[in-house]
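Protein chains in written order, with my numbering: chain D, 1 to 226; chain W, 1001 to 1086; chain Z, 2001 to 2721.
Calculated from the structure, these hints are not laboratory results.
There may be inaccurate statements among the hints.
To be verified - List of simulated lysine-lysine pairs, BS3-like, C-alpha gap at most 30 Å: (1) Z:Lys2124 with W:Lys1061; (2) Z:Lys2137 with Z:Lys2416; (3) Z:Lys2176 with W:Lys1047; (4) Z:Lys2416 with W:Lys1013; (5) D:Lys135 with Z:Lys2124; (6) Z:Lys2058 with Z:Lys2416; (7) Z:Lys2176 with Z:Lys2430; (8) D:Lys166 with Z:Lys2124; (9) D:Lys104 with Z:Lys2416.
What the hints assert, rightly or not - Here are the simulated distance ranges between beta carbons: (10) W:Thr1049 with Z:Lys2545: 52 to 60 Å; (11) D:Asp23 with Z:Asp2050: 49 to 57 Å; (12) D:Pro205 with Z:Ser2697: 29 to 37 Å; (13) W:Ser1054 with Z:Gln2126: 26 to 34 Å; (14) W:Pro1014 with D:Gly79: 46 to 54 Å; (15) Z:Asp2069 with D:Lys74: 40 to 48 Å; (16) D:Asp23 with Z:Leu2044: 41 to 49 Å; (17) D:Lys78 with Z:Gln2126: 36 to 44 Å; (18) D:Asp23 with Z:Gly2522: 49 to 57 Å.
This structure is a prediction, so every number in the text was calculated from the model and none was measured.
Here a beta-carbon is modelled for each residue, glycine too, at the ideal position from N, C-alpha and C.
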Amino acid sequence: MNVGVIVFPGSNCDRDMFHVLSDVFHMTPQYCWHDKPLPENLDAVVLPGGFSYGDRLRAGVIAAHSPIIQDVKKIAEKGIPILGVCNGFQILVESGLLPGVLLKNDSLNFMCEWTNLTVENNKTPFTNKFELNEKIPIPIANGDGRYFVDDETLKQLERKNQIVFKYDQVVNGSSNQIAGVCNEDGNVVGMMPHPERAAEPEINPHDNKPSSLIFESLLKKIGANN
Amino acid sequence: MGDYRVHVTIENKPGISDPEGKTILNDLVLKGTHQSVSKINTAKMLKFTITENSKESAKSKVKEICDELRIYNSMVSVVTIDAFDA
Amino acid sequence: MSLEPHELEELKLKIGRDPTSTELQIVAAEWSEHCSYKSSKKHLKILPMDGPLVINEKGYDSGVLDVGDGYVVTAHIESHNHPSAVEPYGGAATGVGGVIRDILSAGTRPIALLDGLRFGDIEKDQHAKWLFKNAVKGVADYGNCLGIPTVGGEVEFDECYADYAMVDVAAIGFGKKENLIKNHAKKGDLVVLMGGATGRDGIGGSQFASDSLESENRSAVQIPDPFIEKLIIEAILEARNEKLIHAMKDLGGGGLSCAVSETADALDIGIEMDVDNVHTRESDMHSDEIMVSESQERMLIITDSVKLVKFQDICNKFRIECSVIGHVTFDNKMHVKKDGKTIANISTDVVANATLLDLPSKKPEYLENIEDKKSFPPLSDYSEVMLKLLASPNIASKIWVYGQYDHEVGIRTVVKPGYDASVLRLDNGKFLSIKIDGNPKQCYVNPREGAIGCFEEACRNVVCTGAKPIGMLDHLQFGNPRDPEIFWTFLESLNGLTDFAKDFEIPCIGGKVSLYNETPKGSIKPTPVIGVIGLIDKKPLRVQKINTDDCLIMIGNTKDELGGSEYSEYIHKFIGGKCPAVDFSESKKNMNAVLELIETELIKSAHDCSKGGLAVAVSELCMTNLIGCTVSLDDVPGDKMDADKILFSESHSRYLVTFERKNLQNLEELLKKHNVSFKTIGGFGGESIRFTDNSKSLIDLSVDKAQKTWLNSLKEMVMHA
Chain D
1 MNVGVIVFPG SNCDRDMFHV LSDVFHMTPQ YCWHDKPLPE NLDAVVLPGG FSYGDRLRAG
61 VIAAHSPIIQ DVKKIAEKGI PILGVCNGFQ ILVESGLLPG VLLKNDSLNF MCEWTNLTVE
121 NNKTPFTNKF ELNEKIPIPI ANGDGRYFVD DETLKQLERK NQIVFKYDQV VNGSSNQIAG
181 VCNEDGNVVG MMPHPERAAE PEINPHDNKP SSLIFESLLK KIGANN
Chain W
1001 MGDYRVHVTI ENKPGISDPE GKTILNDLVL KGTHQSVSKI NTAKMLKFTI TENSKESAKS
1061 KVKEICDELR IYNSMVSVVT IDAFDA
Chain Z
2001 MSLEPHELEE LKLKIGRDPT STELQIVAAE WSEHCSYKSS KKHLKILPMD GPLVINEKGY
2061 DSGVLDVGDG YVVTAHIESH NHPSAVEPYG GAATGVGGVI RDILSAGTRP IALLDGLRFG
2121 DIEKDQHAKW LFKNAVKGVA DYGNCLGIPT VGGEVEFDEC YADYAMVDVA AIGFGKKENL
2181 IKNHAKKGDL VVLMGGATGR DGIGGSQFAS DSLESENRSA VQIPDPFIEK LIIEAILEAR
2241 NEKLIHAMKD LGGGGLSCAV SETADALDIG IEMDVDNVHT RESDMHSDEI MVSESQERML
2301 IITDSVKLVK FQDICNKFRI ECSVIGHVTF DNKMHVKKDG KTIANISTDV VANATLLDLP
2361 SKKPEYLENI EDKKSFPPLS DYSEVMLKLL ASPNIASKIW VYGQYDHEVG IRTVVKPGYD
2421 ASVLRLDNGK FLSIKIDGNP KQCYVNPREG AIGCFEEACR NVVCTGAKPI GMLDHLQFGN
2481 PRDPEIFWTF LESLNGLTDF AKDFEIPCIG GKVSLYNETP KGSIKPTPVI GVIGLIDKKP
2541 LRVQKINTDD CLIMIGNTKD ELGGSEYSEY IHKFIGGKCP AVDFSESKKN MNAVLELIET
2601 ELIKSAHDCS KGGLAVAVSE LCMTNLIGCT VSLDDVPGDK MDADKILFSE SHSRYLVTFE
2661 RKNLQNLEEL LKKHNVSFKT IGGFGGESIR FTDNSKSLID LSVDKAQKTW LNSLKEMVMH
2721 A
């Protein structure tokens, strides 16, 4: 199971994601540098968190112009699972692969804390092992994590089942407490919280099983495809 | 008395580095086809609406506010203040 | 920047001629207190620097500890006080950047940061609030962007820092022993400068506040660029993996002058360089400015011409500028050229080794009667005082601060901020526990005992996670050393730290001295900040939630030591009284006992008693577990004293241990075996924090109310004018 972990200048959760994919869930991840073409044998792609290009101009916007994003768009059309976490989510939004924008948190501060998510869509490649409304204790760490869409788009997202995760309480002022969304086909998922920081018991003071299901869902999906 | 719009532009002093402007120039603009651009500086703008006697006093009042409240830090930044009729 | 007249004479004598203007700039930078440690170096030698785990290599800016299985941990501490006092955001951020490059220089990846921040009274002083807010943002923006977790630290407010800021940053690195850079160079090797362009920012460094360099278009304050620092880290580590680096040094205070002269001196070589080859931000920079600019995010690398090609490829990959500025010679001279003409040619030994001073010292007059005890008027409402302390800026939860720091990135953080010490997992299955502590209030009342107290407190904190202290970092921050009274306090603190380090066999693996910390109102209080690194071979104490019916044991004696306590100073506005003193043998016994308790897995948590004393320590347990408890002051180990002394004295070597009642007997036996002073002082349950004295209720405070006050107080102070 080949998973591409895309690395932009300033990505800083790439090594964490790589560790979890390989050492915890025994997939075969490979780093993909932003100005090289995406390898062709990938079963899934992850855009990890960090500060690509130092979050300059707007988080994710410069990385969204990288050559590799064109390749990501192509494989997204083929239905290959793509997960963007934190800055990866911001990049997916800025590149038009996912709807909405991510604004500064309403506290105006960077926020690093544990939150609880509820699963709103369990049909995606990253949530297929969850029950609907299942809770996930998981940390956030971002300055621009407030997901925003206008009311019209929000209705559409709801109608098309594109809301994947919500916070179980108000965290940063995001529209409808949205923490993660997917594209219409459901194969591209973006989320602000960090599943790679919650999938091992040693570093998760609450319960690491729910976050593990995000990766196990991918295993199930890829296994089903193969 | 009248209403004036006063624009406060805060940017780094000319000799001081502007990493954000440099990244936008090198990693976004120059990577595209826009090779005629040679420099980008970032700045922050605050738009005041203020009631004062004249355009001049509107400007000086806003400058006073900026200095008093440390709206910019004179160690690293300069401000440019422009006033317009509302 | 300039030399004092006698220093100029000395320089002339040493080189046998008048120095050139460039030489003068270079030497002035290198002979400054900041770079040369001329006032303190003679005395620092007394600290024990060696130990079984310590690895010493020439030219390291950080300490290195062998943590087994082929892995090493590196550590260093730095401050950025003067710059942060005028531009807190940039000053604090670049402080983080500097210490990280020290870790990187050894060839290790930075894996954690801790920061100690100190300001004036934020309850009354708007300026202190502004400094605090922006310094926190500076640390956050820099560390978060790099993806290096800020896992711990401390925040303190004291009027002695009015109009000033103390920003200390400690960094921890981790790597394979085989990847450590063994600094070396051979003749003909190339000297490369990589990283950000050299600009006019930061010229004059620590002296800038009074310097005329401040002008319309430039600034002595450095502009932080965490993005390029992140790229430098990745590029350097890639080059390290490819074995392309012979020697490496970060550019810090004194810029190129110091980096070049110190590298040459440490490696016993000469370096010839040309300022025209330095990549600069502006084309019209004077060569002297290039030599002393303190522009951030730059590294000096020594490599050879074959490896250079690969090194340049890596720099290109990360789009980092790098320029070959010179080469290695064997005449032990620092030879600087411009347009092919020599502008400085001076022995590195002269540049890098300022004449060390032996400054006079004298016991300050203020200390004569300061430790006299004072009786305070009896408290009418202990609960109210308790609540007031929990809301006070020094005791209130610092969640508003560490919530802005990414403390999870790197997925090593096992014990997160908010506990006694933070714990990181290492790749060899072991764990590292780290903490920094300072206590200027106690250090002012007694510079020796206060400094020892900071050291012991940091040890207690790591012990509470199950770690054995293996190394110490000291950061000695004082006022003007030319004042004999201030210098005396420096020596007292240093002697105290040395005695403790020797007795406990904890080597000092790195440190820094920051002098001339003066505010408009005078010198700061003595502010040594001590970092302790502990190692856990098996597993750390996994703190468990306290439930109803769990018990509380207190280990260690409470003494009549209210000097420098939060209670004396915040509640009674009194500076003075008996400073808590560490009894070395009691301290050691208690540490060993707690470590064994943790190993037996019989306890739920261990917590040290420090700021605010027993009362605050118990409240912290209740507030973080949202459970009440009842503590009987009659049972607290130690002499019979007034209730306020038992509650608020900040005596050292004390621990609170929580556990399930069924383990009581086993625990008691174990503690008896260790021959420590201990007693079960209370039990958990209910919804209020209760202290009784002679069976009478003294404090009865709702946990919910206490917790809300404690958690929100600091944020409210910052947010509301």
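Each hint, compared with the structure:
Under the criterion of a C-alpha separation no larger than 30 Å, the hint pairing Lys2124 of chain Z with Lys1061 of chain W is consistent with the structure, at around 27 Å. Restraint check for Lys2137 of chain Z and Lys2416 of chain Z: the C-alpha separation of about 20 Å stays at or below 30 Å, so the hint holds. Between the alpha carbons of Lys2176 of chain Z and Lys1047 of chain W the distance comes to roughly 54 Å, so the proposed pair goes past 30 Å and is violated. This hinted pair does not check out: Lys2416 of chain Z and Lys1013 of chain W have alpha carbons roughly 40 Å apart, beyond 30 Å.
The suggested pairing of Lys135 of chain D with Lys2124 of chain Z is violated, with an alpha-carbon distance near 44 Å, which exceeds 30 Å. Only pairs whose Cα atoms come within 30 Å are accepted, and Lys2058 of chain Z paired with Lys2416 of chain Z is rejected, the gap being roughly 34 Å. Between Lys2176 of chain Z and Lys2430 of chain Z the CA atoms are separated by roughly 14 Å; this keeps the pair inside 30 Å, and the hint holds. With a C-alpha separation of about 41 Å, the suggested pairing of Lys166 of chain D with Lys2124 of chain Z is violated against the 30 Å cut-off.
The straight-line distance between the Cα atoms of Lys104 of chain D and Lys2416 of chain Z is roughly 25 Å, inside the 30 Å bound, and the hint therefore holds. Roughly 54 Å separates the CB atoms of Thr1049 of chain W and Lys2545 of chain Z, a value that falls within the hinted 52 to 60 Å. Checked against the hint of 49 to 57 Å, the C-beta distance between Asp23 of chain D and Asp2050 of chain Z comes to roughly 36 Å, which is inconsistent with it. A beta carbon spacing of about 34 Å between Pro205 of chain D and Ser2697 of chain Z agrees with the range 29 to 37 Å that was offered as a hint.
The hinted range of 26 to 34 Å is satisfied by Ser1054 of chain W and Gln2126 of chain Z, whose Cβ atoms lie roughly 31 Å apart. Separation of Pro1014 of chain W from Gly79 of chain D is about 52 Å and conforms to the stated range, judged on CB atoms against 46 to 54 Å. For Asp2069 of chain Z and Lys74 of chain D, the Cβ-Cβ distance of about 44 Å falls inside the hinted range of 40 to 48 Å, so the restraint holds. Distance hint check: the CB atoms of Asp23 of chain D and Leu2044 of chain Z are about 43 Å apart, consistent with the given range 41 to 49 Å.
At roughly 58 Å, the beta carbons of Lys78 of chain D and Gln2126 of chain Z sit outside the given window of 36 to 44 Å. Checked against the hint of 49 to 57 Å, the pair Asp23 of chain D and Gly2522 of chain Z passes, with Cβ atoms roughly 55 Å apart.
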